[in-house]
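Asker: Sequence:
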Amino acid sequence: MSQQGYVAAPPYSQSQPGMGGYSAGFGPPNSSLQYGHYGDPNSSHAAPQPSMSKSTVPLGSSAPLGPLSPGTHQFSQNNFQSVPSASGQQPHRFQNPPPLNSTGPSYPPCSHQSQPASPDAASTSCTTQLANQLNSMQINSYGPGAVQSSRMSSGHPASFQGPQPLPLAQHQMALLPGPQIPPPANNFSGLCAQSTLPSMARQDGIPGSGLPNPNLQQLPGQTPGPGCHPQQANYGPQMAGSQLSYPGAFPGGPAQLSGPPQKKLDPDSIPSPIQVIENDKASRGGQIYATNMRGQVPPLVTTDCLIQDQGHASPRYIRCTTYCFPSSSDMAKQAHIPLAAVIQPFAIVPQNETPLYVVNHGETGPIRCNRCKAYMCPFMQFIEGGRRYQCGFCNCINDVPPFFFQHLDHIGRRVDHYERPELSLGSYEYVATLDYCRDNKPPNPPAYIFMIDVSYRNTNSGLVKLICNELKTLLDKLPREEQEESSAVRVGFVTYNKVLHFFNVKSNLAQPQMMVVSDVGEVFVPLLDGFLVNFQESRSVVNNLLDQIPEMFADTNESETIFAPVIQAGMEALKAAECAGKLFIFHSSLPTAEAPGKLRNRDDKKLLNTDKEKTLFQPQVNSYESLARDCVANACCVNLFLFPNQYVDIASVGLVTMYTGGTLYKYNNFQLSSDSPQFLTDLRRDIEKKTGFDAIMRVRTSTGFRATDFFGAIYMNNTTDVEMAAVDCDKAVTVEFKHDDKLNEDSGALIQCAVLYTSVSGQRRLRIHNIGLNCSTQLADVYKTCETDALINFFAKSAFKAILSQPLKAVREILVSQTAHMLACYRKNCASPSAVSQLILPDAMKVLPVYMNCLLKSCVLTGRPEIPTDERAYHRQLVMSMGVADTQLFFYPQLLPIHNLDLKSNAVPAAVRCSEERLSEGGAFILANGLSMFLWLGVSTPPELIQGLFNVPSFAHISTEATLLPDLTNPYSKKIKSIMEQIQNQKPYTMKLMIVKQREQPEMLFRQFLVEDKSIHGGASYVDFLCCVHREICQLLN
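So the number in the working numbering is just where the residue sits in the sequence shown, counting from 1, plus 61.
By construction, these hints were calculated from the structure, which means they are not laboratory data.
Note that the coordinates shown come from a computational prediction; the quantities given were computed from them, not determined experimentally.
Even for Gly, the Cβ is constructed at its ideal location relative to N, Cα and C.
Each hint can be trusted.
Quick list of in silico lysine-lysine cross-link-like pairs, BS3-like style, CA-CA up to 27 Å:
hint : residue 1 : residue 2
1    : 434       : 502
2    : 526       : 1053
3    : 342       : 1038
4    : 1048      : 1058
5    : 1048      : 1036
6    : 567       : 533
DEER-style ranges, computed between Cβ atoms:
hint : residue 1 : residue 2 : range
7    : 1012      : 575       : 44 to 52 Å
8    : 521       : 665       : 25 to 33 Å
9    : 429       : 600       : 40 to 48 Å
10   : 456       : 371       : 22 to 30 Å
11   : 582       : 1026      : 46 to 54 Å
12   : 456       : 582       : 55 to 63 Å
13   : 343       : 961       : 18 to 26 Å
Whole structure, please, built from the sequences with the hints as guidance.
Answerer: Below is the structure:
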């Protein structure tokens, strides 16, 4: 693939659409014009001039300068070092764009034939220099013995770990290409140790024959990528070989390129996600994290600690992309860091943390600001002896209601401050009054309706019998309030194929009664009384029905099914009963029967990498969107369990699930024997989940900024109200903020998220989460408090939303460009002066490139014929509602070595980096990403481990068909099972185990999850992507 593939975006002169609200942002067409968004008809991509370096920002604004965060990271093609604080620099300016014929950095024009499809576009010399430098200096060997860095709560960056280079005086040695004698480890003074190595060859007019990296090979029979700039005005079909517009479009193959042997960049010398995770665990794990300070950076999602709410919401509920907002919109545009919060309002809180307090003010209801309607919270300032309060969000002065009055102490705080959750805690609940209810009437408890596809395939496979048997025990576990003896949730049952069957299970009946609705064009509910029942009261009738359903349809030959009328029927039943609820739909095939929502197979591989690829992610017919809207309006949440053995058009059938806050589960080629445990565990967990029904979420902010964009399993009727038919403990909404004025450093940036919902017992409540962030005029403060895991959650959701309206190629280019712009701005404004050829990363973002590369390689953004369209639509839908912990694991899986376990310890072994280099023939590893779990066994795995796990004598005897480990009582088996349980714990989806033996066919699937390596579906290795981002940064800085 030619070097033009890394170009980030169109030329400077164009108005540029953008992602997430800066000049290169994804977002709705109606976003404020100053940011220029995707979807703006005036910002069509023009074809750039061949020799012009490309960027997506209006460069040229001077940056406010901040003190440099100590210990920033630099590494370069000729230098790799820790940067000290620097002050007193002049504000840098980005240079104006070079003239069109400038000899500035440009991607070389070359013919299709002359340029190999190698992902690497760095010149031979630059990679060699970088490799030699790193290897000789021995910096950053992240192995055992690496000095632990602690991520201080102050947010100070930590310097790279590993054996330390020499102090400055001894370190001024010339490092020339070729092996060097490593200097002895010593204490590094932290000063810039500049070596006299010649500067990196920086792509300045490298001729088209520039040698690519011979370590990266081309598959036989693949066309090399074109060597000219992408014509951005015309997204037609692309040539084979140019699918990915970032390095590593092709998997390796046998065609070695000739040229001098190169020294490969040592992966241990670049920032390691595992090292960052382990350092944070070492410094903050197991400790108490108190939320008593505005703008403090919480421990990483991967760190286990005890969270104490002391005035700001727990990071379990809200995490931000940065905990210090830039004070002006110009500064925000310059930094390109998205300002966003990932809000998981019903997140599970561990047993050892305090559950939310419920505040009940009786008929008066919650106390709110008269002007902005914010709820009483710790950000309200009491004045005039406690008789009035000033709103922290809009500064309005309000009277304190007489019943709420309390005197102030000597520091102006109310005497009852610590007795009232709404004054002292970041998160709490209010009991809502009738004003907050539909039609001013108290809501009924929610209902669950089970809707089973009884077509030929499902009855024949035994699935219908499995579901009915499981429901008999599950209905005893319906969710209830902790103080209640039994659940208030009512249940109903429907079966369907081409027609619908409703069942009357009223408690006084001897036998259940079936009513058939054959007019699926105009669905109605044939009975009200007896359809939704209390399970405890109707237990015998319901159990009788569940015994009869499998027999009733045992001889069916009906293979066609309907789908939209099933949802319609469930929604109409809830509407008639005047209650919110969930539909549990068990479905297996494309709905081809004549009915509303009928679908055809439109899975067309010819659309991949064309402008029409986006249609594969859009619903096939409009009726699903209007059905989703009706479901949200009637508080009907749709949970969908799919059992497909071919294309079912998830982009269409999953749409209602996504808009209503439901969950989509998919079991490909379902086999009763191997897949039942996974399905049943998912079903059990879903039924028992903590859920809020008929929910509306509103995010309020203090003056100077506002919420502009929302991403998640949500529906939006207007620009402010996030509507969810239901919201459960796993669902997160990512909210993006924009400035509409300057922010004040003293008062900070305050956010209040309020969710109005109906509890499982039928009580209307308000759940409030408050968080305060800092503001600064110094860019260094913004970078210092960034959270990479939250950034990736935002980028993934905004990109996955953008692919509905944009070519994938443009979306990928914007992600690369965005990464480069964020890092270039840091380099320009916060790092101490040094050679352009150095790559300098902010400490809080040092693993952003590896995570961003994982996102770019995800199957959603990779259009390859071998990846099923349904799989891509499925992953897209799951990620859209994920919280930070789930996206972190999904994009960078956990890889755990289990061949040298300490059997006496309860701890999970430390993870290793996701790369083939970490595997060993004598090792065994567990890999998990939240959806899949693999047990990989090397050919020389110790026999005692094999015996202990599988009860067979040798590697050859292991069967890879099993999806569960056998039940054995030896220490090995117990320990591994315990590790698997800990990994699975609190994950939204049950991971099915796949046993993989080294050098056997299924290993290809396993290798796709080794995300630091080159992908078989096209995608750069981490090392190559880092080089690519470095080149982009160099172009921006020049």
